[in-house]
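Please work from the sequences and hints to get the whole structure.
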Amino acid sequence: MIKNILNLGDAALYCDFGSDVNQEINSNVIKYFYHIKKLNLKGITNLTPSYNKLIISYDLNMHSFLSLKKKIENIEIKENNKLEKNLIEIPVCCDNNFALDIKRVENKLKLKSDIILEKFFSKNYFCYMTGFVAGMPFLGDLNQEMRLKRLETPRVKVPKGSVGITEQFCNIYTFETPGGWNILGNTPQNIFDTSNQLNPNLVNPGDTIKFYRITLDQYNEIKR
Amino acid sequence: MKSKDRNYFKILRAGINTTYQDLGRNNLYHIGIPFSGAMDKRNFQLLNSLLQNDYNSPVIEFAYQGPHLKYFGKDIFFCISGNVSFKIITKEGVIDGNSYQCYLLKNGDEVDIHSTNKSVYGYFSINGTFGVDYYWGSCSINTQAQIGPNNGNKFSKDLEIEIIDINKSFNKRKLDYLGSTIENIRVIKGTNYDYFSESSQNKFFKESFKITKLSDRMGMRLEGPKIENIVDPNIKSEGLVKGVIQITSAGDPIIMLSDHGTIGGYPKIATVISADYDRLVQLTPGSNIKFKDVSLEDAETLYKLYQMETNNIISQIK
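Residue numbers (the numbering used here), protein chains in the order written: chain A, 1084 to 1307; chain B, 103 to 420.
Honestly, the hints are just simulated from the structure, not real lab data.
Computed from a predicted model, the values in this text were never measured in an experiment.
Each residue gets a CB set at the ideal place from its N, CA and C atoms; glycine is no exception.
Heads up, a few of these hints could be off.
[Said to hold, decoys possible] A short list of chain A residues far from chain B (calculated; beta carbon distances all over 12 Å): (1) Lys1153; (2) Pro1174; (3) Leu1192; (4) Asp1197; (5) Pro1242; (6) Thr1260; (7) Arg1296; (8) Leu1299; (9) Ile1305.
[Unchecked claim] Below, a sample of chain A positions facing chain B; criterion: calculated Cβ distance under 8 Å: (10) Leu1130; (11) Phe1148; (12) Met1219; (13) Tyr1295.
And the structure:
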């Protein structure tokens, strides 16, 4: 299922699963990720799954590119190896104070805000990967008519909990960070929990997310 | 603990970006947490070796200007690594300290770390253990994700740094080491090297780039000839590693450093080899650098040589 393994610098394998972004390719990436993670190979220092790549970082004192490449190429993963999937429901408040870019999205998509939100909440989303900043999930896919580009000028600070869309994807800002996604609302739910060392991420690759809409009162109630 | 039994430093001035660091945390990229850890691993290693500490003991890292510390407690030794100017203030007077040399501190003595010279990072530690909390097996502070002791924040004035253990059998040691600098940064061509025009590929290796002030533990932004992208200024977001050089939409290189974002969507023109990482991070804003292309096999050998050199320096501690 890995098409090609290149080197990324001198201490990482760059496993290429294809150039498209779809759930089939991504599920293969995630299967490899979990499989290799379970093997607990000595000297592997990081595994980074993304839409269609898996990067394997290693300790140069313990591996060289060619020997580790061979090891990874020899891994066999059964096609019917099922991915563990959780369904996670996440509340989102789309009050004007939170829906920072709803006007922009209305203009770009030529849809009314209630239609946009109805379409957004009517679908379940698949988690392709997490990262960039701790715990941030990259989710998809949005319907064709919901797709637009990111902001021309990224925000210097996107508030924590913001739920944003761009192209076929949506995400949740787990920390206040710079960012350019179109923000439709905010979740009071903690998506990344530093105090939970075993499983700090609420959402993991392969999971399914269902967003549901809440009022500002409900938002404040959960926050409290 | 009664205050008279405590051994601690009080921070009179925090310095710039002063944090605890160790070797960092592994196997968390997939949830968005980078390695972190001491930026300059060689100086980290030398410091713990000089102080006869465990190889992964926490140290205090600072950038440009270090902290001014006042010590309270039983006699203790400290040492500083890196190219650093500092003063030791005792009842007998004030002396200039030398890096890679251990000094005794008594109750009430102070260490004032003025600056790093022609370099960015310096390290401070003691013959003992700082009282730190561990997060995913590391006490490294990642201020961007607010992970680590001190609530993931850099040190501030009046903070007290607890010492939970002093190695009483310690003998004062020193090392004659002048540090190691580099002008050409050696890189391996990146996975998106062919995204860039031939003339830009040439410029990347022939012309020099200036390190800008927009450089920190997350990344180093460079300025120089614009690198022209002829395929697509973005790629589908994918994992990054330390040392990756991405080219932004504006055509400028940005090098990923220890606290970098784990995923990125800019094309990768090259990656800095592991052997050159410690010396890269010590280059100050305003410095000009040139990139030199090396093969993967050479990079692997150069790393082994670099490690041997580090061990050789450690063996000269007396």
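Do the hints match the structure? See the list:
Separation of lysine 1153 of chain A from chain B is adequate, the least Cβ-Cβ distance of about 15 Å exceeding the 12 Å criterion. At the 12 Å boundary, the C-beta of proline 1174 of chain A stays outside the reach of chain B, the nearest C-beta of that chain being 22 Å off. At the 12 Å boundary, the C-beta of leucine 1192 of chain A stays outside the reach of chain B, the nearest C-beta of that chain being 21 Å off. Every C-beta of chain B lies more than 12 Å from that of aspartate 1197 of chain A, the closest at about 31 Å, which supports listing it as non-interface.
With a cut of 12 Å on Cβ distances, proline 1242 of chain A stays outside the contact zone with chain B, its closest approach being about 15 Å. Not every CB of chain B lies more than 12 Å from the CB of threonine 1260 of chain A, the least distance being 8 Å, so the non-interface label is violated. At roughly 26 Å, the least C-beta separation between arginine 1296 of chain A and chain B is larger than 12 Å, which holds for a residue marked as non-interface. Distance to chain B confirms leucine 1299 of chain A as a non-interface residue, since its nearest Cβ pair spans about 27 Å, more than 12 Å.
The Cβ of isoleucine 1305 of chain A lies farther than 12 Å from every Cβ of chain B, with a closest approach of about 22 Å, so its non-interface assignment holds. At about 6 Å, the closest approach between the beta carbon of leucine 1130 of chain A and any beta carbon in chain B falls short of 8 Å, and the interface hint on this residue holds. Contact between phenylalanine 1148 of chain A and chain B, as hinted, is supported at the beta carbon level, the nearest pair being about 6 Å apart and thus within 8 Å. Against a cut-off of 8 Å between C-beta atoms, the interface hint on methionine 1219 of chain A holds, since the closest Cβ of chain B lies about 6 Å away.
For tyrosine 1295 of chain A, the interface hint is violated, the least distance from its beta-carbon to any beta-carbon of chain B being 24 Å, above 8 Å.
Going down the numbered hints, you'll see the structure goes against 6, 13, while the others check out.
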